[in-house]
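Q: With chain A held as given, fit chain B onto it using these hints.
Each chain, written out:
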Amino acid sequence: MVPLTWYLVLAAGLFCIGVFGALARKNAVGVLMGVELMLNAVNINLVAFWRHTAVSGMTGQLFAIFVITVAAAEAAVGLALFIAIYRQRRTVNVEEIDTMKG
Amino acid sequence: MQPVIFALLALITLGAAIMVVTTRNLLRAALWLILAFFGIAGIFILLNAEFLAVAQILIYVGAIATLIIFAIMLTHNVMDPTQPRFDEQWGVVGGFAALLFVALAAIVTRVAWPVAAGEVPADAIQRLGAHAPRTPEHKEWFH
Chain A
93 MVPLTWYLVL AAGLFCIGVF GALARKNAVG VLMGVELMLN AVNINLVAFW RHTAVSGMTG
153 QLFAIFVITV AAAEAAVGLA LFIAIYRQRR TVNVEEIDTM KG
Chain B
74 MQPVIFALLA LITLGAAIMV VTTRNLLRAA LWLILAFFGI AGIFILLNAE FLAVAQILIY
134 VGAIATLIIF AIMLTHNVMD PTQPRFDEQW GVVGGFAALL FVALAAIVTR VAWPVAAGEV
194 PADAIQRLGA HAPRTPEHKE WFH
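Going down the list, the protein sequences come from chains A and B. Per the numbering used here, the first sequence starts with residue 93, numbered consecutively. Per the numbering used here, the second sequence starts with residue 74, numbered consecutively.
The shape of chain B in the complex, shown without the other chains:
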C-alpha cells in the first residue's frame, strides 16, 4: 500500500512542480506551488514526521504561499504576456537541470546508504522539543 501512496504523492508533487516552473500565469504557478507543498506534506506523513507535515502546511501554504501571492498581486501586469516567460538561455539551463538529475539519481541509487530499520519512538515530538536548541537555564522544563 505504501509504495502506491508514495507513487501518487510523488506524481502530484513533481507534476505540480513542473507546472510551477512552466506556467505563464504566475498566479496559477503560485496555486500549483501550493499543491506541490501539500504533496510534500503528504511525503512527510509517509515518513512518520507528522509534526513537520503540519509545520509544512502552516508555514509554506499558510504563510509563504500567501506572501508570494501578495507579491504577485502587488507587481501585477508588469510582464508583457507576448514576451517569452523564460530567458534566452533556458535551453542550456534545461539541459543542465536534466543532466544534474541524471547524475544525482545515478549517485543516490549506487551509494550503499547505512540504512538502519527502526520504529519511530512514541514520544517523537517530545524528543524533538527536548533536542531543540535552548538556553541552559530552561533545561528543567524538559524533565
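So here's chain A without its partners, still in its complex pose:
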C-alpha cells in the first residue's frame, strides 16, 4: 500500500498550484479553477486520512462529500456572479473589478 505521506505531499503540491492559480490569474474564471484545485487537494487529504487512520468509520469520506457539495454550490454562485459582472462591466479581469477597493 502507498504510504500516507505520499498522498499528503501530492495534496500539498496540488494545493499550492491552486493557490498560485487563484492569486496570479487575471481572468476571474481562472481564479475559480485555482480554487477548485485547492478544494480537490483537501479532498485527497480527507480520503487519505480515512484510508490510513480510521478505515472502519466513514467520517473522512462524508467530509469529502460535504466538500464536493460546497464546491459545486460555490462554482454555481461564482460563475453566476462573473456572468452578471460581465454583462454590466464587459470585463472579467479581476484587476478591473475594484469598485469595493478601500
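Just so you know, the hints here were simulated from the structure itself, not pulled from any lab data. Here a beta-carbon is modelled for each residue, glycine too, at the ideal position from N, C-alpha and C. Hints are all accurate, no fakes.
Where chain B lies over chain A, by a calculated footprint (3+ residues, C-beta under 8 Å):
#: 1; region: 96-108
#: 2; region: 111-118
#: 3; region: 126-139
#: 4; region: 145-158
#: 5; region: 165-179
A: Same frame as chain A, but now just chain B:
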C-alpha cells in the same frame, strides 16, 4: 504495483494542474482541469473510495467543468491576448506558493501520523449511507 500507479496518477494530476494555472487559452485550461479531476478520481480508487471516485467524475467532470466551460464561452474574447495572463505580483505569488509547498511537505513528512492498517469494510457504501446526516424519523430505513 500500487506505487507505480500512484506515481503515474500523481504525475498526470500535478502536470494537468500546472497546465490549468499556466495555459493562456482558458478553454484549454478547463480541459486540463478535467484531466486533473480524472487523475484525482484515480487517486480515490487507489484509496478504496470507489463511491467518491464516481461522485468526483459525476459532479466535477459532469457538472462543474461543464459549468466552467459555459462561463468561459459566455465571457468570450474579453481578455486581450496581447496582455499578460498573470497580474504583476505573480512572481511574489509563485515564490509564496513554492515556499508554502516546501513548508507543508516538510511538516507532513515529519509528523508521526497515527497510521492504523486496516481492511476496508465490505459494506463501505452502506455504512456511508448509514452515517450520512438524516432526520431521526427515517432511522428505520437503515436497518
